[in-house]
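With the hints as extra help, turn the sequences into a complete structure.
There are 2 protein chains.
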Amino acid sequence: MLITHGTDTDNRENDMAQIVADRRDVDFVLHEQLEIERLSKTRKFSEFNRKTIDLIVSEARNLALKELLPCMREADEQGCTLENGVVRVPEAFHRVLRLFCEGEWLAMSDDQDWGGQGMPSAVALAANNYFNGANFPFMLHIILAHGAGKLVEKFGTEKQKSLFLKNMYSGKWGGSMLLTEPAAGSDVGALTTRAVKNDDGTYSITGNKIFISSGENNLVENIIHPVLARIEGAPEGTAGISLFLVPKIQVNDDGSLGEPNDVICTGIEEKMGIHGSPTCSMSLGSRGLCRGTLLGKENKGMSAMFVMMNEARLHVGMQGFSCTSASYLNALNYARERVQGKHLLSPAKDAPSVPIIQHPDVRRILLTMKVYSEGMRSLLFYIGLLEDLVRVSEDETGKKGYQALIDVLIPVAKGYVTDRAFEMCSQGVQIFGGYGFTKEYPQEQLLRNCKITQIYEGTNGIQAMDLLGRKLTMNNGEAFDMLVNTIATTVGKAEAMAPVRDLAKDLDLAMACLKKTAGFLTGNLGPDTILMAYANAHPFLDVTGDTVMSWMLLWRAVVALEKLDDVKNSRDLDFYNAQVEGARFFIKTVLPVSRARMEVIRSGDMTVAKISEAAFGGK
Amino acid sequence: MLITHGTDTDNRENDMAQIVADRRDVDFVLHEQLEIERLSKTRKFSEFNRKTIDLIVSEARNLALKELLPCMREADEQGCTLENGVVRVPEAFHRVLRLFCEGEWLAMSDDQDWGGQGMPSAVALAANNYFNGANFPFMLHIILAHGAGKLVEKFGTEKQKSLFLKNMYSGKWGGSMLLTEPAAGSDVGALTTRAVKNDDGTYSITGNKIFISSGENNLVENIIHPVLARIEGAPEGTAGISLFLVPKIQVNDDGSLGEPNDVICTGIEEKMGIHGSPTCSMSLGSRGLCRGTLLGKENKGMSAMFVMMNEARLHVGMQGFSCTSASYLNALNYARERVQGKHLLSPAKDAPSVPIIQHPDVRRILLTMKVYSEGMRSLLFYIGLLEDLVRVSEDETGKKGYQALIDVLIPVAKGYVTDRAFEMCSQGVQIFGGYGFTKEYPQEQLLRNCKITQIYEGTNGIQAMDLLGRKLTMNNGEAFDMLVNTIATTVGKAEAMAPVRDLAKDLDLAMACLKKTAGFLTGNLGPDTILMAYANAHPFLDVTGDTVMSWMLLWRAVVALEKLDDVKNSRDLDFYNAQVEGARFFIKTVLPVSRARMEVIRSGDMTVAKISEAAFGGK
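Going line by line, the protein sequences match chains A and B. Going by the numbering used here, the first sequence opens with residue 376, and the numbers climb by one from there. Going by the numbering used here, the second sequence opens with residue 376, and the numbers climb by one from there.
Accuracy of the hints is not assured; some may be wrong.
[Unchecked claim] Derived lysine to aspartate or glutamate pairs resembling EDC-like cross-links, with alpha carbons at most 20 Å apart: (1) A:Lys-994 to B:Asp-903; (2) B:Lys-717 to A:Asp-562; (3) B:Lys-717 to A:Glu-556; (4) A:Lys-724 to B:Glu-556; (5) B:Lys-994 to A:Asp-402; (6) B:Lys-880 to A:Asp-980; (7) A:Lys-717 to B:Asp-949; (8) A:Lys-814 to B:Glu-556; (9) B:Lys-724 to A:Asp-980; (10) A:Lys-724 to B:Asp-562; (11) B:Lys-994 to A:Glu-712; (12) B:Lys-814 to A:Asp-949; (13) B:Lys-994 to A:Asp-949; (14) B:Lys-994 to A:Asp-947.
The hints are simulated quantities; they were obtained by calculation from the structure and are not laboratory data.
What follows is the structure, encoded as structure tokens:
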């Protein structure tokens with residue numbers, strides 16, 4: 376990792392407005408809330424002491440602000456083009472990719488044997504907060520390359536790994552993920568792409584895929600496509616799906632590039648946002664010449680996908696959250712500078728106009744954006760820490776517990792976070808008034824980009840079904856119980872602190888209500904009421920998310936209160952007090968509404984389940 | 376009004392999917408809920424019997440579906456361009472405008488003396504539902520021309536009217552509204568454009584305006600700009616603002632076009648949506664040669680604006696609602712056709728995949744979109760009816776009551792409706808999954824266009840302040856009391872009907888809770904708590920809107936129940952039953968959550984009011 380001039384810049388910028396992500400808050404979550412440095416006591420992460428972590432975050436921030444952010448608007452306007460089979464990405468991305476790869480940022484938390492940096496996931500997420508907030512369409516290229524590489528690392532043979540992996544983790548070659556087909560979206564099991572085994576052990580692959588991010592582009596000299604397909608004679612549904620590696624250009628045994636493969640991009644989507652990321656329709660084997668190799672075992676493609684799913688969904692949550700993080704700071708900085716209207720307490724004609732941050736409605740919006748942004752950061756970095764703990768834990772029970780927590784939190788981290796992120800980005804436009812609707816400011820682009828995070832990697836409706844149908848019931852509800860017990864620990868600490876005792880009580884009551892609601896839904900999965908239960912899947916995701924946010928904010932308040940005795944400067948005093956006030960605001964104004972929603976769920980209203988299709992009208 | 380082939384098309388399309396607006400529901404609101412035909416008993420509206428109204432709606436629908444809708448995507452992609460001072464709008468708009476004006480649709484409810492059609496506002500709103508849902512960026516040209524014309528009609532001298540009005544209401548000339556300046560947005564009183572009286576009675580005007588929809592365009596041969604400016608020596612603030620008429624090209628006394636005025640377009644905004652509508656920066660008098668005439672009285676510009684405000688805000692509500700109306704029907708039609716995944720009750724591998732409308736989460740989204748769409752339609756058309764009743768009422772007390780209801784409902788019609796409209800359009804994208812994010816379908820454009828409705832004509836934050844600060848307190852709370860009493864009438868009817876008795880009770884309780892909440896806020900407008908009260912202005916708008924939606928839906932259910940005894944066909948049976956089910960869904964699942972929000976407001980949490988500016992972080 377190239378670390379050149381981090382701290383310098385930090386000092387210079389100390390008095391300036393923060394953009395993209397609030398460094399004070401990033402540091403708070405890493406060091407004060409999660410105490411990430413304790414990982415350095417393990418052999419795996421021994422290099423990552425506080426100083427190193429801070430340097431990494433500073434370097435990521437520099438790169439994000441100096442290189443990724445400045446081309447955000449230009450890339451949105453240029454978009455991608457397809458001409459004669461060649462997809463051109465925004466011009467500036469070539470330079471940014473070079474710098475990104477030189478800094479070795481692509482495989483931050485991966486195995487050093489394959490060119491990864493081996494850093495804790497939580498630290499990598501902090502870097503990704505800056506990268507995604509500064510230019511999430513660019514980062515999609517990175518994420519796809521990394522995700523494809525990860526599949527090779529996890530499921531590849533030694534030969535596959537040695538042929539592909541270093542070039543993928545270094546960013547020299549890109550990656551994608553060929554999963555969706557026109558008639559197989561949410562229902563992956565319906566896919567029809569076919570694979571036929573050849574005498575040399577390779578497979579001939581034929582099919583059409585759509586919505587393939589980075590499926591084709593001129594950023595890299597080769598693209599390695601993981602492809603889901605069905606081997607001739609395999610079972611129907613998800614049980615008959617296998618995973619293949621299909622390079623855009625074949626790779627010879629000595630690692631040199633061979634013949635182009637029969638994989639072509641037949642179109643790119645025009646989209647609402649993420650214009651810098653080409654969304655490709657791909658045709659495999661249209662001339663009968665597409666060859667790939669099996670990755671992992673026959674018919675085990677879906678299990679491979681499942682292994683990758685938590686990481687991918689967490690990352691989509693990061694994208695949505697990072698849009699919010701950036702939108703909030705833009706709105707905050709604008710509200711501090713934009714002068715408009717009189718203060719409500721000095722409305723006289725000759726009174727001076729004031730910055731709009733002094734108007735109550737603006738403050739309400741800003742505080743709402745702030746607490747969601749901070750709560751989301753805590754949640755996502757915390758899941759990163761849990762992943763690190765799974766990796767270093769030597770105790771099997773502990774490891775299982777961490778994994779259970781990850782499993783139950785992932786639909787919240789993807790579904791709830793991106794739902795709220797879209798709302799917050801919308802509020803971030805409102806603060807700018809008419810300017811927010813123009814491309815002069817980044818707010819509208821953040822909103823447009825954010826929308827895709829509610830859709831891809833499983834729509835948020837699918838996330839809600841995952842929470843209700845899988846996560847609540849897995850291992851007799853062990854994961855959900857684990858969540859309940861973990862929250863209880865924070866509640867216990869807060870109960871001992873006078874300034875937040877009432878908040879602890881509120882969260883405790885909400886937890887009891889959430890448990891009851893979860894029990895109600897899992898008790899209604901029989902044929903008579905299952906439709907009603909699933910009609911409440913998304914509302915249940917919402918209320919679970921509200922409760923988890925309350926937990927994260929109360930946890931922050933507890934940590935802040937512990938520090939308040941020993942505060943060294945007024946900036947810290949403001950910061951810690953704000954943690955207590957933020958928790959109070961959320962738990963006193965959002966959580967009671969959420970409890971009413973829980974009660975609505977438990978009322979078991981059957982309208983959605985029972986209403987006739989004709990009743991929807993429209994004919 | 377050219378009525379050529381309405382009913383034919385209606386019959387032909389009877390079995391086809393509805394698009395843009397559900398005709399059955401439009402008819403229900405006009406004829407069954409609002410009984411609009413009773414207006415034909417008045418002299419003013421005697422021509423508008425049911426047959427005529429139905430023909431008007433059919434013709435509007437034909438024009439919307441056949442001409443406005445087909446160029447929606449093309450216009451979004453072409454957008455507007457500015458070159459050498461000329462703003463070009465999307466090519467197709469020229470043809471559409473010609474047809475629109477030939478059909479005499481621009482001044483539907485205006486005075487026939489000036490070329491208007493004199494139809495009831497409620498009927499014009501039904502037509503506008505189709506026009507705005509099919510192509511709202513095109514309609515912005517129409518609205519601006521109409522609004523400027525209305526100002527001339529209301530405040531112009533006979534000479535101003537005879538010079539401008541017929542050409543404006545016929546669509547031959549366009550209009551705009553030059554209000555906002557870079558430092559005077561929400562705070563109109565801060566504007567600095569200056570007017571100096573000349574010896575000939577005209578005024579020389581100098582200033583810069585921004586965000587001017589249709590400020591310049593090549594659709595029409597002349598544009599008449601109403602301009603807000605301050606006459607030399609006038610008071611500061613809103614009390615010193617006057618209104619002027621500034622033509623793009625001067626009009627000679629004989630009505631012929633004269634010299635170009637000194638009004639130029641210096642730039643157009645690149646925006647998130649409404650690409651077919653140019654948003655112009657305008658420079659007046661940069662060569663010292665901009666001349667205009669006073670419209671109305673000196674220093675009374677703001678009162679003129681206030682007279683127009685209800686109409687303009689109602690129209691913005693219509694725009695947002697019409698996006699929802701279209702998004703809902705698109706989503707519904709898609710959900711009926713798109714096959715994906717197994718039914719929850721037949722999940723076997725060999726079971727057939729089903730249309731996604733059979734999945735509970737999809738049904739929940741669709742039903743939510745439907746009830747909001749229908750409730751919004753009832754509310755907006757109802758306000759149109761109230762406007763008609765104000766116009767024809769001969770009883771002063773009755774008239775005052777109707778006007779009071781309009782006044783208190785306008786912030787809901789603009790602020791609440793567009794807030795929910797944006798949410799519903801976002802849900803309308805979700806139903807399409809990845810396709811919803813692409814430009815292949817209209818969903819993402821509806822969402823992008825809808826966003827502006829939360830911002831212009833007073834941001835929704837401003838609407839919330841209007842409700843709390845003006846409408847709740849005007850005439851000792853008379854308007855709010857009027858609303859309460861009117862809702863009570865519906866509740867009373869519903870209490871007498873067994874199938875909705877429990878819903879009536881719920882709404883009654885919510886009303887009591889809303890009244891208490893309103894009293895709490897108006898009781899807290901003193902210096903100690905006013906910041907807390909205004910921090911709750913937007914939440915109060917939300918809960919008021921939820922209550923009004925519940926009322927509209929219960930009213931629909933009452934009307935439907937009255938008809939159910941006498942139903943002639945299964946389509947009507949489905950329709951009426953759906954009204955009862957829709958009311959139940961909303962009142963049982965949304966209203967209880969709203970009541971929790973009312974209680975949160977009354978808890979008077981002071982965090983937003985008291986938190987320090989430093990606490991927002993970001994420095």
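Against the structure, the hints come out as follows:
1. For the given pair, Lys-994 (chain A) sits about 56 Å from Asp-903 (chain B) by alpha-carbon distance, which is inconsistent with the 20 Å threshold.
2. Taken as a hint, the Lys-717 (chain B) and Asp-562 (chain A) pair is honoured in the structure, with Cα atoms around 9 Å apart against an allowance of 20 Å.
3. For the proposed pair Lys-717 (chain B) and Glu-556 (chain A), the alpha carbon gap of about 17 Å is at most 20 Å, so the pair holds.
4. Between Lys-724 (chain A) and Glu-556 (chain B), the direct Cα distance comes to roughly 19 Å. Compliance with the 20 Å bound is thereby established for this hinted pair.
5. Between Lys-994 (chain B) and Asp-402 (chain A), the direct Cα distance comes to roughly 14 Å. Compliance with the 20 Å bound is thereby established for this hinted pair.
6. Taking the CA atoms of Lys-880 (chain B) and Asp-980 (chain A), the gap is about 17 Å. The hint holds against a cut of 20 Å.
7. A hinted pair counts as satisfied when its Cα atoms are at most 20 Å apart, and Lys-717 (chain A) with Asp-949 (chain B) does not qualify at roughly 54 Å.
8. For the proposed pair Lys-814 (chain A) and Glu-556 (chain B), the alpha carbon gap of about 18 Å is at most 20 Å, so the pair holds.
9. Only pairs whose Cα atoms come within 20 Å are accepted, and Lys-724 (chain B) paired with Asp-980 (chain A) is rejected, the gap being roughly 30 Å.
10. Pair hint Lys-724 (chain A) plus Asp-562 (chain B) holds up; C-alpha atoms about 12 Å apart against a cutoff of 20 Å.
11. Of the pairs offered as hints, the one joining Lys-994 (chain B) and Glu-712 (chain A) holds, with about 13 Å between alpha carbons and a cut-off of 20 Å not exceeded.
12. Distance check on the hinted pair: Lys-814 (chain B) and Asp-949 (chain A) sit about 46 Å apart at the alpha-carbon level, beyond 20 Å; violated.
13. Restraint check: the Cα-Cα separation between Lys-994 (chain B) and Asp-949 (chain A) comes to about 11 Å, which is no more than 20 Å; the hinted pair holds.
14. Of the pairs offered as hints, the one joining Lys-994 (chain B) and Asp-947 (chain A) holds, with about 12 Å between alpha carbons and a cut-off of 20 Å not exceeded.
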